[in-house]
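S.K.: Given next are the chains, with one letter for each unit.
Protein chains: 2
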Amino acid sequence: MNKKKKIRTSFTCPVDILPTDTIQIGHGGGGKLTHELIANIFAPGFANTRADTKNDQAIVPFGNSKLAFTTDSYVVNPLFFPGGNIGDLAVNGTVNDLAMGGARPFYISAAFILEEGFSMLRLRDIVASMRVACTASGVALVTGDTKVVNKGKGDGVFIATAGVGMVDKKIRCGVQHIRVGDKIIISGPVGNHGITILSQREGLELDSTITSDTAPLTALALPLAQKFGAHCMRDLTRGGLMTALVEIAEDANIGIEIREEAVPVDGAVEAACEIFGLDPFAVANEGKMIAFVPPAYAKAALAALRKHPLGKKAAIIGEVTHAHKKTAIAHNALGGSRILDMPSGEQLPRIC
Amino acid sequence: MNKKKKIRTSFTCPVDILPTDTIQIGHGGGGKLTHELIANIFAPGFANTRADTKNDQAIVPFGNSKLAFTTDSYVVNPLFFPGGNIGDLAVNGTVNDLAMGGARPFYISAAFILEEGFSMLRLRDIVASMRVACTASGVALVTGDTKVVNKGKGDGVFIATAGVGMVDKKIRCGVQHIRVGDKIIISGPVGNHGITILSQREGLELDSTITSDTAPLTALALPLAQKFGAHCMRDLTRGGLMTALVEIAEDANIGIEIREEAVPVDGAVEAACEIFGLDPFAVANEGKMIAFVPPAYAKAALAALRKHPLGKKAAIIGEVTHAHKKTAIAHNALGGSRILDMPSGEQLPRIC
Chain A
1 MNKKKKIRTS FTCPVDILPT DTIQIGHGGG GKLTHELIAN IFAPGFANTR ADTKNDQAIV
61 PFGNSKLAFT TDSYVVNPLF FPGGNIGDLA VNGTVNDLAM GGARPFYISA AFILEEGFSM
121 LRLRDIVASM RVACTASGVA LVTGDTKVVN KGKGDGVFIA TAGVGMVDKK IRCGVQHIRV
181 GDKIIISGPV GNHGITILSQ REGLELDSTI TSDTAPLTAL ALPLAQKFGA HCMRDLTRGG
241 LMTALVEIAE DANIGIEIRE EAVPVDGAVE AACEIFGLDP FAVANEGKMI AFVPPAYAKA
301 ALAALRKHPL GKKAAIIGEV THAHKKTAIA HNALGGSRIL DMPSGEQLPR IC
Chain B
1 MNKKKKIRTS FTCPVDILPT DTIQIGHGGG GKLTHELIAN IFAPGFANTR ADTKNDQAIV
61 PFGNSKLAFT TDSYVVNPLF FPGGNIGDLA VNGTVNDLAM GGARPFYISA AFILEEGFSM
121 LRLRDIVASM RVACTASGVA LVTGDTKVVN KGKGDGVFIA TAGVGMVDKK IRCGVQHIRV
181 GDKIIISGPV GNHGITILSQ REGLELDSTI TSDTAPLTAL ALPLAQKFGA HCMRDLTRGG
241 LMTALVEIAE DANIGIEIRE EAVPVDGAVE AACEIFGLDP FAVANEGKMI AFVPPAYAKA
301 ALAALRKHPL GKKAAIIGEV THAHKKTAIA HNALGGSRIL DMPSGEQLPR IC
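Protein chains in written order, with my numbering: chain A, 1 to 352; chain B, 1 to 352.
Be aware that a few hints might be false.
Note that identical chains are pooled: a pair holds if it fits in a single copy or bridges any two copies.
Derived pair list, reagent style DSSO-like, types lysine-lysine, alpha-carbon separation capped at 27 Å [what the hints assert, rightly or not]:
no. : residue 1 : residue 2
1   : Lys32     : Lys151
2   : Lys169    : Lys66
3   : Lys170    : Lys66
4   : Lys170    : Lys299
5   : Lys183    : Lys54
6   : Lys169    : Lys227
7   : Lys170    : Lys183
8   : Lys183    : Lys169
No lab work stands behind these hints, which were simulated from the structure alone. Just so you know, these numbers come straight off a predicted model, no measurement behind them.
Build the full structure now, drawing on both the sequences and the hints.
M.R.: Listed below in structure tokens is the structure:
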């Protein structure tokens, strides 16, 4: 008998893919189209390799430790914006994906894809911002790579960061650990990053107080996981709060109810959303998170968050229910309610 | 006294950077220009964060273990070529960067940057190849990300992979561990990947037997590190054998001497190099490596390599000397010799 295992060279997609099917800009929006792409291609393709498609980081064994591993590519346009640039965005985003798993971020890698003709001075400024972001988060950038593509085959600079962190053995933090009754806490007002990018791109002079909220969330997230037993944490990036709640309700097979008026939104962001016709709940953030915390710890967790500069406006916005599984519902102050739905994806491309 | 550490927000480049300085295609070639970019921007920028700019992977502590961490972005053009495509290239390349550090590769991440309009079927084929490559190498793809850029702002698909592996505590494998007297062993003939890509791009119908050598080198590298005490291993990617030897001579502060005729080159590759006016020693490979092995183990290491299908044509090509530090010299069969030099970088862009 031939004991050599045969390697399967193909896989079955759950839907037929036609020769005319192509990638749309919305496939990168973090909404429905992104989820379809993952469900139809990536999840079945990598089904044999333990890919975690339900959390933004994989938690895997490594020696006697639990290791968190994550990656993200950054294609934000414009590269520089009020409050940050693609460099600190890339470092903070990867730090946050580790922190959301309850991990202490340790190491970062950075792979640059540069377009021929890109300014060396701007590259230096981006690297300088990454250096600052690494220092601020206490992570070490330990390895990297650079490629160059011909003019017109890229867009200035793309950066892919990956991160490695360590999770305390007693921590169980992920969408699969959410329990009915958990309180949902948000760390601060939503929509600032997305509105900043959009107004830059459209050349609008909005209220100058709106800047990106890009920030490392480790200092908020680690106490939530370690002291207050958070069952799940999620940063509110592409697709915003709304996508996070819908994703989590589906993936955890739970119901979610929030009170709309409990969700903090800065006045200037709210005004800008009205101009653009956007729902602030669906707009991207780069320094905001939600946590699912056991009810007994919710008040103490909220108080701890509010003591940190990044969590001053933290609020309890809702809870996990038995009823209406796989559905997230928002109640408004007038007694009405709406079922939250993912944006289809093309609302705000290249936000990160 | 204010104990809060001030974070330095800028860094000093060793050369003045002018507003007119831009990225050239050669900055991505792996040769001199790439080294200048690293020396002038990335190394000083990340000097405070323990970046390892001398090896293709960082070896760092993690719990009680030694962890290897690496990243690479892939921008190869064309995306599909005889012997592989960007998908297996990306997995094998990251597996190899881990293996070259003497690490057993465990986990892989993949970040995709897709161009609007890219064929969904081709994406599926790329994912299928990555799946096969992961299975063949015994690595688990555990986390990923997808972004989409507008048509004309990318080039089909770019993939950034990162990898995590574990290094046995007793293994010391890196450029800093090379000793005078070490024998230099090559695993097989050079130039196949580069010539394959180049002939595809130029639309030339070369000898159809030339295909990319993309392959995982773990099965060759681990015994070299574990049984035969290899002091350093390096896969011969961008810039080929020549760049690897020049880099290592400089970084290890040693002299290197090789015998040109000892380096295996397939006849078809040699012929193609003559047509293109290329030195096969400077052409990229994606499944070839050199190892620096203590002289007492060299013969046994060579015999072990030759037993593996990927190492059948392995050869001892030279050794490490006290003389002419920081210089790599090639002796030819006629008694002549030449100092090896890095290609400047623009020879073969987007080879990986």
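S.K.: Run every hint past the structure and note whether it holds.
M.R.: Each hint tested on the structure:
In this homomeric assembly, lysine 32 and lysine 151 come within 27 Å of each other (Cα to Cα) only across copies, at 20 Å, whereas the closest approach inside a single copy is 32 Å. In this assembly of identical chains, the alpha carbons of lysine 169 and lysine 66 lie at most 27 Å apart whether taken from the same copy (7 Å) or from different copies (19 Å). In the homo-oligomer, the alpha carbons of lysine 170 and lysine 66 lie at most 27 Å apart both inside one protomer (10 Å) and across protomers (22 Å), since each shortest distance falls under that limit. Taking the closest pair of Cα atoms, lysine 170 and lysine 299 come within 27 Å of each other only inside a single copy of the chain (22 Å); across copies the shortest separation is 49 Å, beyond that limit.
Within a single copy, lysine 183 and lysine 54 get their C-alpha atoms as close as 20 Å, which meets the 27 Å cut-off; across copies the closest is 49 Å, which misses it. Only within a single protomer do lysine 169 and lysine 227 lie at most 27 Å apart by alpha-carbon distance; the minimum there is 14 Å, versus 34 Å between protomers. In the homo-oligomer, the alpha carbons of lysine 170 and lysine 183 lie at most 27 Å apart inside one protomer (21 Å), although the nearest pairing across protomers, at 48 Å, exceeds that limit. In the homo-oligomer, the alpha carbons of lysine 183 and lysine 169 lie at most 27 Å apart inside one protomer (23 Å), although the nearest pairing across protomers, at 44 Å, exceeds that limit.
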